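J.: Each chain, written out:
2 protein chains.
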Amino acid sequence: MRLTRAGEYGIRCVLYLARHGKGTLVSRKEIAVRTDVPPHFLAKIAQQLARAGIIEILQGANGGYRLLTDPERITMLEVIEAIIGEISLNDCVSRPESCRISARCTVHRVWNKANQQLRATLEETNFATLASEDACCLTPFPLAGDHDPSMGKK
Amino acid sequence: MRLTRAGEYGIRCVLYLARHGKGTLVSRKEIAVRTDVPPHFLAKIAQQLARAGIIEILQGANGGYRLLTDPERITMLEVIEAIIGEISLNDCVSRPESCRISARCTVHRVWNKANQQLRATLEETNFATLASEDACCLTPFPLAGDHDPSMGKK
DNA sequence: TCGATACAAGACTAAAAACATCTTATATGT
DNA sequence: ACATATAAGATGTTTTTAGTCTTGTATCGA
Ligand code: SF4
Ligand code: SF4
Chain A
1 MRLTRAGEYG IRCVLYLARH GKGTLVSRKE IAVRTDVPPH FLAKIAQQLA RAGIIEILQG
61 ANGGYRLLTD PERITMLEVI EAIIGEISLN DCVSRPESCR ISARCTVHRV WNKANQQLRA
121 TLEETNFATL ASEDACCLTP FPLAGDHDPS MGKK
Chain B
1 MRLTRAGEYG IRCVLYLARH GKGTLVSRKE IAVRTDVPPH FLAKIAQQLA RAGIIEILQG
61 ANGGYRLLTD PERITMLEVI EAIIGEISLN DCVSRPESCR ISARCTVHRV WNKANQQLRA
121 TLEETNFATL ASEDACCLTP FPLAGDHDPS MGKK
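Residue numbers (our numbering), protein chains in the order written: chain A, 1 to 154; chain B, 1 to 154.
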């Protein structure tokens, strides 16, 4: 009953990009270092985010990732489900046919309700809100100026 | 982001017992067969439920399990957390120290809220309600009379 | 145009968790 | 005493998670 590491990393990535604004290109290395995510793992996560239409990936020298949408139009639910698939607290929530009594199961109804409620809460939260509040989801210290010359360089 | 099988099985076990009422002794074999849970797996789950004070286990010939509390005083949250531990949607919810920025992380606050909400929903649901509604969480067909001579026998 | 840089894509591996079973011991009713 | 029932934990299998590695492709700029 917990988020996977990949999901957490996906949120960090999108949040980092959101703080830089829609359309700003940021290198994978910078994101990886600043959000404390293994670079190759981030690559895989980014690909899923790209497939979901949340970010765009630019190849080549000076390549990187950038947000395709305004941060306020990206929800936590979107990002998480792009990475780990649709949230389902119990197997019978996403696949009622997996349990033959699901149609008349009172427990099933509770799970459905809880699941829907959880998804709604995550859908209410957008990345503009997350990024604008005073706190931030990044690891290393120099954050304010957004331009650390040591970043983006080997 | 899902319940484990053990958690699901624990709920089935308690619900089956709840339908028989507090204090009624039911053999492990009967519960296992009727709720479609592997008998040895059920044994382990039952031990956790016993440690949590939800059921009592009687050894010896004609042994079995029985509910210690009135079904209306047992919540889904209790049963689930007796099996899988405290619900925690993200690692930082149960162990804020696992992420050094949790104190000032906006994402962390969303998880906390969602987690609390989920636990509240499960806490609202008790087994008297679950057992009294027309549907039931059991697998085999003969349920009404509660006395199937083929059960409890080898 | 060539080399350096940066990401793509998927194969591969290690570790952990989930799921289940097996074995030996203990308790109880007849 | 014996049959029956669970206790407790060791063991085993499978699946998922987490992370790395390798080979290939795209872009920039000297
Ligand atoms: S018994 Fe009810 S809650 Fe359990 S898996 Fe089946 S439908 Fe879902
Ligand atoms: S960055 Fe925030 S949400 Fe992510 S683990 Fe740390 S505290 Fe939790």
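Please note that the accuracy of each hint is not assured.
In this list, chains with the same sequence are indistinguishable; a pair is considered to hold if it fits within one copy or across any two.
In silico DSBU-like pairs for lysine-lysine, Cα to Cα no more than 30 Å straight-line [said to hold, decoys possible]:
#: 1; residue 1: K22; residue 2: K44
#: 2; residue 1: K44; residue 2: K113
#: 3; residue 1: K22; residue 2: K113
Hints listed in this document are in silico derivations from the structure and should not be mistaken for laboratory results. None of the values given here were measured: they were computed from a predicted structure.
J.: Work down the list of hints and note, for each, if the structure agrees.
T.: So, going through the hints one by one against the coordinates:
no., hint, verdict
1, K22 with K44, "within (21 Å within a copy, 52 Å between copies)"
2, K44 with K113, "between (32 Å within a copy, 29 Å between copies)"
3, K22 with K113, "between (34 Å within a copy, 27 Å between copies)"
Violated hints are absent here; each numbered hint is respected by the structure.
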